[in-house]
Amino acid sequence: MNRFPIETRELTKTFDSRTAVDRVSLQVQPGDVFGFLGQNGAGKSTTIRMLLGLVKPSSGQLSLLGYNLPQCREQALRKVGAIVDAPAFYDNLTGLENLKLFSSLTGHIAPHRYSQALRSVNLFGRQNDKVRVYSHGMRQRLGLAQALLPQPELLILDEPTDGLDPQGIREIRQLLVDLAKQQGLTIFLSSHLLHEVERICNRIAIIDQGRLLYQGTVQSLLEPDLQYKVRTDRTDQAFQFLSEDLRLPVFRNGTDHLYLRIAEADIAKVNHSLVSQGFQVFEISRHASSLEDIYFRLTRC
Amino acid sequence: MLTCLRQEIFKLLRSKLLYLSFLMLVTFVLLMLWGFYTYSLRKTGGQVEFKYTYENPSYFNGLIFTLYSAYFAFQLVIPISVSILAGTQIAGEARSGTLRSLLTRPISRSRLYFAKYLTSILSVFSLLVFFILFNLLVGLVLVGWGDLSLYPGPLNLVQEPGKLTQNEALLRFGYSVFTGTWSLLTLATLAFLMSVLFENPLVASFTALTLYVMLNVIGRVDFFVDLRPYLFTTDMEFWRDVFKPEIPANELLYRACRCGMYSVSFLLAGLIVFERKDVLS
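Chains as they are written, first to last, in this note's numbering: chain S, 5 to 305; chain U, 73 to 353.
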C-alpha cells in the first residue's frame, strides 16, 4: 500500500450474521480534513475502531500512515492521536495525571507540551482538578489534548464536538482548521453535524448500512446539484408554465420558490419567457443544495 | 513493558478498591479479636485475663491468633478481595471505557495484559503481607508472642500435638506470605480470565468467586471424591503446610506446581481471548 495517511481496501466487519462494515475502500490523502458521515449504526465507529486496532476486520486490508495493520499497529499508532466515542479517563485522577498516564505509553513528552496542549483546548488552569468534576465538554477537550500530545501526523476523531455547547463547537472547529492549516495535520473525523463538516472538511465519505455511498471532495458532491431559485408573483402559474409549456426541470418544496435545474446560459431565456407571459420576476439566484440535503437524499432519510 | 507496569501500579495505588480491601481485612482482624475474646470468656467463665486461655496459659498468644485469623480469612475474606482486585483489572477498564483509550496507544495487547497481571500479583502479595503483619502486630500488642503450639483440631495441620519455637514460627509466617500468594494466584488468575471474558467487573469477580466457593464445597463432599483431584481448589490449601512442624517439601512442591499449572492455563486462555477480543465498549 502507498503512504496514504489512511487507506482501506474492501474492509469488512461482520458480527455474527450482521455486516457492520461492508467492503469499504477509503483513501485519505495527506493534509485532508476528511469527514466521515453516517447515521447511528451506519458503521462509522466500527470503521474507526478497525483503523485503531480495537476491532479486528473480518476481511480486507487497511493501512495507517503507510503501515499495514494489524502487523505494524504499534509503529502506526505512535504517530496517531485519537478519540473514540466519548473520551474516557480515570475519574479519580486529575486531568494532568490522565494526560501524563496516557502519553507515557507513546513515549517521552517534554513537560512544556502538557501546558501547550492544555492551553490549546482551553483547559489550562483546570489541569489539577479531578476528572470526575469535569463537564462533558471539558472531558471532550481533554480528550483532544490527549490526542494532540504525541504530536501526531494523523488525528482520528469520533464525534469530537459531541456534547459541546455552541461556543465549544466553534472553538474545536477553529482548532481543527488551524491544526490542518498550520501543522499540515491530516484529520479524519466522524460527525453528525453536517454543517460543521461542510465548513471544515475538504473531503468526505458517506456510509450507510455499512456501505460507502460517496467518497470525494465536498465541492464535487455539491456542484452537480446546482440549481437556480426563482421567485415570481404567481408561484403556481409560473410552475405550470415552466414545467408544462417550457418543459423545464422545475421543482418546488412548499415555499414560494421554484427551483430550476438548468444551464447558466438558459437563465436569460427563462427570465424573458416569464416576463413576456406577464409574470413579475422578483429573484433568480444560484442555489446549491446543502450537504445536509444531499446527505439525506443519499441515505434516503 | 516497564512503563506499562509503572502506570498500572500507579493506578492501583490510587484506586479506592485496594484500600477498601485493606479496610476489609482490618475489620476482619478486629472481628477475630472480639471472637477470640468472647470465646475465651465463655470457656473460663470470665474468671481470667484475656491472655490466659482455657487450655494452656501459653497456648493462646499472638502467633496462634495470627494462624487462626489467616486460616479463617483464607476461607472467604481474602478470596473476595482477590477476586475483586483481579476481576476489575480489565473488565473495570472496559466498563469505564479507558480500555479503548489505552489500546489506541502504541502498546501491544499482550504487554498491557501482562502488566495488569503482574499488578494483580502485586496486589495479592501486598494484601497478604499487610494481613499477616497486622495480625502479628495486633497479637504482639494485645497478648504478646510466644511459641506456636499446634494441636489436632480445626486447623487440620497435625495428627498429634507439636510446637514451633517463636522464631521458627515467625519464619513460617514469612513463608506463608509466599505460599499464600502462590495459592491465591490460582483464584486471582481465574478472576483475571473472567475479567477478559466479561465487561462488567462485578460479574467477572462474582463469577470467579462463585466458581471458587462452589468447587471448594464440592471438594469437601464425599460424593465428589473422584472429582477432587481435578478441581483447582483442591490444592490451594497447600499454603498451610508451611506451619507443619516438618514441612512436607515434596508434597508442598507438587501441590504448588498443580496450582501453578492452573494459573498458567487460566492466564494463557485469557491472553488468547484478549488478543482476539473486539473492544466495543
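Treat the hints as calculated values from the structure; they're not laboratory data.
Hints should not be assumed to be uniformly reliable.
Stated by the list, open to error - In silico lysine-lysine, PhoX-like type, Cα no more than 25 Å apart, as pairs:
1. S:K83 / U:K88
2. S:K185 / S:K233
3. S:K104 / S:K60
4. S:K185 / S:K83
5. S:K83 / S:K60
6. S:K134 / U:K88
7. S:K104 / S:K83
8. U:K235 / U:K349
9. S:K60 / U:K349
10. S:K104 / U:K316
Said to hold, decoys possible - Sample of chain S residues at the chain U side, in silico, Cβ under 10 Å:
11. K17
12. L97
13. G167
Just so you know, these numbers come straight off a predicted model, no measurement behind them.
Glycine included, every Cβ here is placed at the ideal spot set by N, Cα and C.
To see whether the hints hold, each was checked on the structure:
Restraint check for K83 (chain S) and K88 (chain U): not satisfied, since their Cα atoms lie roughly 34 Å apart, outside the 25 Å limit. Between K185 (chain S) and K233 (chain S) the CA atoms are separated by roughly 35 Å; this puts the pair beyond 25 Å, and the hint is violated. At most 25 Å may separate the alpha-carbon atoms for a hinted pair to count; K104 (chain S) and K60 (chain S) exceed this at roughly 28 Å. A threshold of 25 Å between alpha carbons decides the hint, and for K185 (chain S) with K83 (chain S) the separation of about 18 Å falls inside it, so the pair holds.
Only pairs whose Cα atoms come within 25 Å are accepted, and K83 (chain S) paired with K60 (chain S) is accepted, the gap being roughly 20 Å. Of the supplied pair hints, the one linking K134 (chain S) and K88 (chain U) holds, its CA atoms being roughly 14 Å apart against a limit of 25 Å. A distance of roughly 17 Å separates the Cα atoms of K104 (chain S) and K83 (chain S); the hinted pair therefore holds under the 25 Å criterion. Taking the CA atoms of K235 (chain U) and K349 (chain U), the gap is near 53 Å; set against the 25 Å cutoff, the hint is violated.
A hinted pair counts as satisfied when its Cα atoms are at most 25 Å apart, and K60 (chain S) with K349 (chain U) qualifies at roughly 8 Å. Between K104 (chain S) and K316 (chain U), the direct Cα distance comes to roughly 49 Å. Violation of the 25 Å bound is thereby established for this hinted pair. Evaluation of the K17 (chain S) hint against chain U yields a held restraint, the C-beta minimum of about 8 Å falling below 10 Å. A least Cβ separation of about 6 Å between L97 (chain S) and chain U falls short of the 10 Å threshold, and the interface hint therefore holds.
Evaluation of the G167 (chain S) hint against chain U yields a violated restraint, the C-beta minimum of about 14 Å exceeding 10 Å.
Hints 1, 2, 3, 8, 10 and 13, counting from the list given before, are not met by this structure.
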